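Residue strings, one per chain:
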Amino acid sequence: DTAVSQTPKYLVTQMGNDKSIKCEQNLGHDTMYWYKQDSKKFLKIMFSYNNKELIINETVPNRFSPKSPDKAHLNLHINSLELGDSAVYFCASSQEATEYEQYFGPGTRLTVT
Amino acid sequence: AQSVTQLGSHVSVSEGALVLLRCNYSSSVPPYLFWYVQYPNQGLQLLLKYTTGATLVKGINGFEAEFKKSETSFHLTKPSAHMSDAAEYFCAAISSGSARQLTFGSGTQLTVLP
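Going down the list, the sequences are from chains A and Y.
Every number in our numbering is 755 more than the matching position in the first sequence, counting from 1.
Every number in our numbering is 953 more than the matching position in the second sequence, counting from 1.
For reference, chain A alone in the conformation it holds in the complex:
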């Protein structure tokens, strides 16, 4: 049973396209996140979201938008893809009661050509 899953694992697309990455967690957590890992393996928070609030990192372009159909899902939509969006994107989840320990998905490697 995968705790945090992401699809697809690999995504290759052309500049200007719109794409989505899906994330699902079966842990019953109340908060979900998206992180971006660049080519130097640096990890940066993009969004955190629970049913009360969405926190957006101010450096994230508005071409990126999280959408949560329900508590167990947080999808990432990216419009007008650019070369610089190429990275590995990780979804994570946590529960406040467990002191914010975050569980990560396996990642989605996005390549923009």
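Some clues are possibly wrong.
[What the hints assert, rightly or not] Below, in silico cross-link-like pairs of lysine-lysine (DSS-like), each with a Cα-Cα straight-line distance of 27 Å or less:
hint	chain 1	residue 1	chain 2	residue 2
1	Y	K1011	A	K796
2	A	K795	A	K764
3	Y	K1022	A	K799
4	A	K795	A	K826
5	A	K774	A	K796
6	Y	K1021	A	K826
For the record, the hints were derived by calculation from the structure and aren't laboratory data.
This one's a predicted model, so the numbers in the text were calculated from it and none came from an experiment.
Go by the hints and put chain Y onto chain A.
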């Protein structure tokens, strides 16, 4: 803003030798601290965490870390390295009022030599 610094982007040790990966945080208020490991082409796995209480925390795979407030450090150690420990290690912190967002260090690539 919170920042996390990992000294040494690459660390090499011989199999059986001590592993020491360094991490310092910047907050004047002790944050929650974490160490994660990332194996090639995989997601991040939590090794251990410090929130409150005992300053020496033990994690999985024989790793441990000590929170030292006076030094604003949270270094990761393992007495005897194993080949399977070769991976990227990330130190991370959450500060109060940060909306539960992890701030990561830049990572340390650990190589274990036979």
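Each hint tested on the structure:
1. K1011(Y) x K796(A): holds (26 Å)
2. K795(A) x K764(A): Answer holds: K795(A) to K764(A) is near 19 Å, not above 27 Å.
3. K1022(Y) x K799(A): Answer holds: K1022(Y) to K799(A) is near 25 Å, not above 27 Å.
4. K795(A) x K826(A): This hinted pair is violated, its Cα atoms lying about 32 Å apart.
5. K774(A) x K796(A): holds (22 Å)
6. K1021(Y) x K826(A): With a Cα-Cα distance of about 37 Å, the restraint between K1021(Y) and K826(A) is violated, given a limit of 27 Å.
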